[in-house]
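Undergrad: Protein chains in written order, with my numbering: chain X, 402 to 760; chain E, 402 to 760; chain R, 402 to 760; chain L, 402 to 760.
Hints are computed from structural coordinates only; laboratory data are not their basis.
Among the clues, some could well be false.
Because identical chains cannot be distinguished in the list, a pair is counted as satisfied if it fits within a single copy or across any two copies.
[As the list claims (entries may be wrong)] 30 Å max Cα-Cα, derived DSS-like pairs, lysine-lysine:
1. Lys447 with Lys739
2. Lys625 with Lys447
3. Lys625 with Lys527
4. Lys739 with Lys714
5. Lys621 with Lys527
6. Lys523 with Lys739
7. Lys503 with Lys625
8. Lys625 with Lys739
9. Lys739 with Lys713
10. Lys523 with Lys449
11. Lys625 with Lys449
None of the values given here were measured: they were computed from a predicted structure.
Number of protein chains: 4
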Amino acid sequence: MRIGVLTGGGDCPGLNAVIRAVVKTAIHQYGDTVIGFRDGFSGLIKDKTVPLDLPSVSGILPRGGTILGSSNRDNPFRYAERRNGQATQSDVSDTVVETYRKHELDCLIVIGGDGTLEIAHKFTAKGLNVIGIPKTIDNDLSATHVTFGFDTAVNTVMEAIDKIMTTAESHHRVMVVEVMGRDAGWIAISAGMAGGAHIILIPEIPFDMERIAEQIYTRKGRGKHFTVIVVAEGAKAAGGDRIIKRIVEGSSETVRLGGVGDMVARELEELTHLEARCTVLGHIQRGGTPSAFDRILSTRYGATAAVFAHEKKFDHMVALRTPDIAAVPLSEALHQMKRVPPTGGHVETARRVGISFGD
Amino acid sequence: MRIGVLTGGGDCPGLNAVIRAVVKTAIHQYGDTVIGFRDGFSGLIKDKTVPLDLPSVSGILPRGGTILGSSNRDNPFRYAERRNGQATQSDVSDTVVETYRKHELDCLIVIGGDGTLEIAHKFTAKGLNVIGIPKTIDNDLSATHVTFGFDTAVNTVMEAIDKIMTTAESHHRVMVVEVMGRDAGWIAISAGMAGGAHIILIPEIPFDMERIAEQIYTRKGRGKHFTVIVVAEGAKAAGGDRIIKRIVEGSSETVRLGGVGDMVARELEELTHLEARCTVLGHIQRGGTPSAFDRILSTRYGATAAVFAHEKKFDHMVALRTPDIAAVPLSEALHQMKRVPPTGGHVETARRVGISFGD
Amino acid sequence: MRIGVLTGGGDCPGLNAVIRAVVKTAIHQYGDTVIGFRDGFSGLIKDKTVPLDLPSVSGILPRGGTILGSSNRDNPFRYAERRNGQATQSDVSDTVVETYRKHELDCLIVIGGDGTLEIAHKFTAKGLNVIGIPKTIDNDLSATHVTFGFDTAVNTVMEAIDKIMTTAESHHRVMVVEVMGRDAGWIAISAGMAGGAHIILIPEIPFDMERIAEQIYTRKGRGKHFTVIVVAEGAKAAGGDRIIKRIVEGSSETVRLGGVGDMVARELEELTHLEARCTVLGHIQRGGTPSAFDRILSTRYGATAAVFAHEKKFDHMVALRTPDIAAVPLSEALHQMKRVPPTGGHVETARRVGISFGD
Amino acid sequence: MRIGVLTGGGDCPGLNAVIRAVVKTAIHQYGDTVIGFRDGFSGLIKDKTVPLDLPSVSGILPRGGTILGSSNRDNPFRYAERRNGQATQSDVSDTVVETYRKHELDCLIVIGGDGTLEIAHKFTAKGLNVIGIPKTIDNDLSATHVTFGFDTAVNTVMEAIDKIMTTAESHHRVMVVEVMGRDAGWIAISAGMAGGAHIILIPEIPFDMERIAEQIYTRKGRGKHFTVIVVAEGAKAAGGDRIIKRIVEGSSETVRLGGVGDMVARELEELTHLEARCTVLGHIQRGGTPSAFDRILSTRYGATAAVFAHEKKFDHMVALRTPDIAAVPLSEALHQMKRVPPTGGHVETARRVGISFGD
């Protein structure tokens with residue numbers, strides 16, 4: 402069999418482990434030929450390939466990033482280019498099909514997020530055999546129990562909270578840590594529980610600044626002169642954009658002066674007269690060597706995708722249905738977001754041990 | 402309610418996180434009083450207690466070990482003591498019951514391995530209300546999907562393999578890493594897969610030294626002049642004690658000259674004339690700050706045990722039945738070992754990516 | 402002898418290691434009594450103490466923060482308070498002297514930065530015996546070769562760069578990492594060299610945005626489609642505030658829209674049309690368990706300070722004069738900043754391996 | 402200029418960072434051509450080369466091991482081979498000279514320990530221009546203040562002690578940690594101080610088992626029911642081989658049943674009736690990503706070696722004379738071992754904070 406592989410979308414620990422497992426399984430088990438495409442679908446548009454033999458994947462298991470490169474701006478159905486200094490947009494999906502045919506591929510394994518997998522799914526209608534491997538560091542995909550990269554990100558955030566916790570305690574401060582999670586609060590709630598945060602703000606539970614200030618005072622009453630707050634970047638106050646307005650009052654326009662973490666810190670300084678500081682963890686959450694859990698899950702995903710290629714389970718993606726790896730039709734899996742249930746589960750456990758959600 | 406807590410058996414990352422969650426939930430949710438007993442059942446035998454209020458569990462979430470202390474030699478039904486220089490053994494279980502009554506406990510939460518939980522179960526017959534929280538770093542308990550501490554141990558071993566891998570490659574060596582796992586190979590197979598080991602030897606699959614030597618030669622033929630082998634301490638050669646005999650030939654008695662890792666390394670040097678070295682990871686596998694996964698699981702175990710106390714689910718233990726924490730009768734859970742299935746699951750994935758089990 | 406100890410100023414890995422070494426040396430070597438004051442000089446103003454015996458320093462060596470607490474707003478010569486809702490400022494230095502006398506102290510060991518040590522020095526004129534232990538995570542003190550906490554911060558930043566490097570490479574991005582260093586670029590240049598950054602911007606060498614853009618293009622010409630830039634928070638463009646102005650053009654007021662890192666990233670996006678992202682590492686640089694180097698240096702500082710107390714080397718501070726710990730008069734040590742020499746040393750090495758300083 | 406590079410001897414974190422700095426400096430500063438030789442002097446004997454251009458050293462800074470490979474059995478003056486099944490030994494140094502000439506080298510940069518550098522020095526007499534870069538993870542070379550790899554090893558050992566400390570405390574055990582250091586105790590004393598060990602045994606200070614047992618009892622008297630002992634592999638009892646004899650009594654031959662760490666643990670169990678366990682850290686001390694300190698020192702060494710090549714400082718090696726990198730004649734630097742001074746320095750600081758050396 403001749404198998405193509407590409408990685409699309411943002412960085413995520415475990416991408417190289419997935420690629421390695423696809424290649425090793427395809428070669429060791431089936432004697433396949435594997436071809437990597439550079440920088441997501443761009444590699445198929447421009448026919449930029451890299452041979453994926455055993456030496457090429459040697460030693461990549463512990464490494465962050467992706468040896469294939471990735472891209473965020475490579476939708477072949479709406480491909481954006483600069484021609485003669487002009488931004489143009491065109492459908493180059495037939496070029497992708499041509500490249501696929503030229504390399505005589507039997508299957509294309511696409512590792513990517515919702516957007517990338519939707520593109521992959523559309524190529525089924527154009528006759529390509531695609532298999533998806535879901536990638537979302539936010540763990541917000543309902544079709545699979547866990548996604549790779551999430552465990553590593555949670556550990557990275559937890560270690561940052563560990564570091565910030567002692568500073569908060571020694572210096573009697575309110576420390577706000579802003580983490581990834583635009584639509585779902587999985588990283589915030591998981592790392593917040595693991596790090597011993599006192600307040601966790603997630604998109605699923607609107608927060609109230611006055612309630613948070615009260616909780617800080619309650620802690621002070623118990624002799625705890627510090628508070629650590631973990632905020633998902635998508636968390637919102639119950640009263641909506643009130644925060645933004647207050648911060649820019651006096652200015653003629655409404656500009657975003659930083660993320661929700663900065664705003665929460667500023668508001669709390671005003672409300673409580675305590676020192677409050679915000680740290681935005683940013684891109685360090687997407688990098689680094691994958692945790693053991695993520696390396697194993699990535700290996701299982703990659704190995705199973707190679708098996709699915711030979712079982713002709715096309716237009717499907719691999720998914721963890723603990724303890725098994727199942728094949729889920731891409732059409733069913735796409736756009737099905739998994740949010741943190743606002744009752745039960747992690748939220749219930751967190752409340753039991755005294756964590757507040759600012760509500 | 403008045404709740405007692407003790408920790409028994411070997412060290413395991415997450416013990417403090419469990420204690421903290423019990424205390425926080427009991428106090429925040431129910432206004433309970435919690436009393437810690439020192440050094441396992443010894444604390445009940447000798448009435449050595451430590452008050453477990455909120456300040457006492459502050460800051461312990463990330464710490465290894467147990468603030469309560471533990472013991473391996475404290476079975477109250479067969480209590481070993483030195484009296485007048487003589488080793489004696491006696492049944493002091495009634496003293497435990499007295500201490501329980503004296504402190505007017507409504508429930509005793511016992512965090513420990515199979516041995517400790519069996520003792521807890523026996524006290525039910527003596528009228529005590531016990532709730533168990535299972536602890537085994539080897540993850541070899543069938544009643545629960547995962548046990549806390551395991552994920553941390555696997556990450557610790559993986560990091561050691563990462564370090565040893567580059568040495569093996571640069572110096573063209575066979576490197577053997579001996580890890581925990583007397584009866585089950587979970588740590589070896591998980592960390593071995595995560596670390597990219599080439600050969601994994603586990604108790605569930607007897608190995609053959611000649612086969613291992615062959616695989617090292619096969620790798621050499623492919624230009625790979627190094628091999629990393631992960632061995633569970635309970636792994637055995639198919640031919641049994643053959644290894645031990647060869648090593649001590651010429652000696653008048655059969656002595657154990659090191660663990661299975663040392664033996665594998667020595668045999669391979671003889672068979673392949675390559676340099677082979679063994680590292681026994683030992684106690685570093687049991688220590689360190691718990692991983693995010695273990696801190697969350699420990700928190701869920703502890704919080705749920707406190708809830709179970711109020712729901713009077715006595716003579717039960719908490720268990721992870723993904724994604725829920727269930728109550729399992731101790732009588733059902735005891736002595737039910739979970740071994741690595743020699744086909745399917747992890748073994749199948751590992752074989753797919755080219756890992757050998759020396760068989 | 403009766404010795405008082407306090408910690409002042411911002412957080413810094415190694416503070417607890419210093420306290421521990423003072424206490425252990427004072428007790429083991431001399432049988433002294435040691436008293437801790439809470440939250441910097443506040444503890445002397447309000448007579449808030451904590452006994453520092455051997456049990457109180459047990460287990461604190463690896464922990465971040467300070468068990469004594471710290472404060473940034475506690476200058477007894479200009480003490481700011483709220484009385485009846487009014488902010489007042491007064492000289493309460495005599496209260497400090499009274500507390501010192503009340504506890505019959507023979508010496509006060511002050512662990513802190515330039516500001517805290519200056520206060521300590523002023524108390525010499527009021528008859529107190531003070532010994533200083535210098536603390537600056539930025540390593541910008543000329544009186545000592547290295548300060549504790551710096552090595553840990555550099556390692557923390559390096560690990561963040563390691564994580565960001567793979568993302569930059571996989572996603573063909575310009576990644577900017579803003580680190581501590583208001584006046585001196587020690588953290589930036591050290592962590593930048595250790596992390597393999599391509600461009601390092603420090604306060605000592607004004608940078609030029611067009612030069613940086615050129616260097617990014619030069620890299621692109623060599624097939625390197627990514628660039629990692631480390632920026633000290635105090636780095637400045639040669640043309641001064643030009644950057645700030647351009648960013649807010651169209652706005653009626655000149656507001657600071659983020660630090661220098663954000664500005665560099667935005668400017669580069671405009672100049673190069675490449676994706677550029679900034680991560681501000683913030684408070685994680687001040688926390689965490691100290692590195693081996695910092696634990697040893699802290700231990701040497703603390704132990705030597707206790708010895709100096711008995712040698713009556715008052716109004717001095719400990720300082721590393723490799724390989725010795727020397728006593729330096731506080732009057733000589735204060736306000737003597739150590740900056741990165743713009744030629745020779747680290748800058749020369751960095752340039753040799755191809756690192757640019759944006760000049 | 403045409404420069405050759407090789408790495409010899411055991412693994413050491415920073416080797417790749419040295420190679421990278423040599424290559425980057427040689428190419429960026431001088432436009433040189435750099436050629437790597439595989440597996441130490443073997444590469445010159447068998448003419449196995451690898452081109453060292455900029456892409457070949459891209460991304461290797463954080464990686465353990467050496468991309469050039471190394472060897473321990475490659476002395477060209479006494480080269481051991483198997484011919485027709487026979488072990489032979491011959492002088493192939495002229496072959497090395499031929500290879501050097503064939504590649505028209507102007508200089509050979511040799512990165513290695515005492516043995517490797519001595520070989521390099523001998524080639525000066527044969528007309529080769531050699532420059533040495535000293536490598537010893539044990540830091541036992543008097544010609545240079547610090548060697549690369551040492552700081553990483555000390556941190557690795559410290560982290561292991563951190564993990565073992567909590568187990569020791571929770572389980573009331575004597576825990577022995579055996580670390581590298583055959584002739585000098587630098588790793589043991591540095592990591593022991595950094596990890597808060599209670600007793601440190603080094604080759605420079607003979608120990609006494611009875612004294613150690615006493616110290617354990619003294620700790621017990623102060624309520625400390627655990628003790629952590631760090632032992633350098635070359636540490637020896639004052640009474641010499643007494644330990645070994647006692648352990649094998651009853652056996653007909655004297656065999657080594659493990660290292661000094663195992664023996665200390667067994668002896669202490671006998672003497673104190675406490676549980677004692679030993680962990681031998683082994684090869685994990687030589688691997689892993691280098692610390693910031695080691696990456697910077699390695700970069701300085703490599704960059705300066707390239708400069709020395711152009712300054713024709715042949716038959717010299719680079720050496721850290723804080724804060725400078727100096728050139729030291731190989732003839733002066735060889736075989737000059739740096740041991741831990743048994744009085745003053747680290748030993749004095751350690752004793753001040755209550756650490757015993759078992760004497």
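Undergrad: When the hints from earlier in the document are held up against this structure, which numbers fail?
TA: 1, 3, 5 and 8
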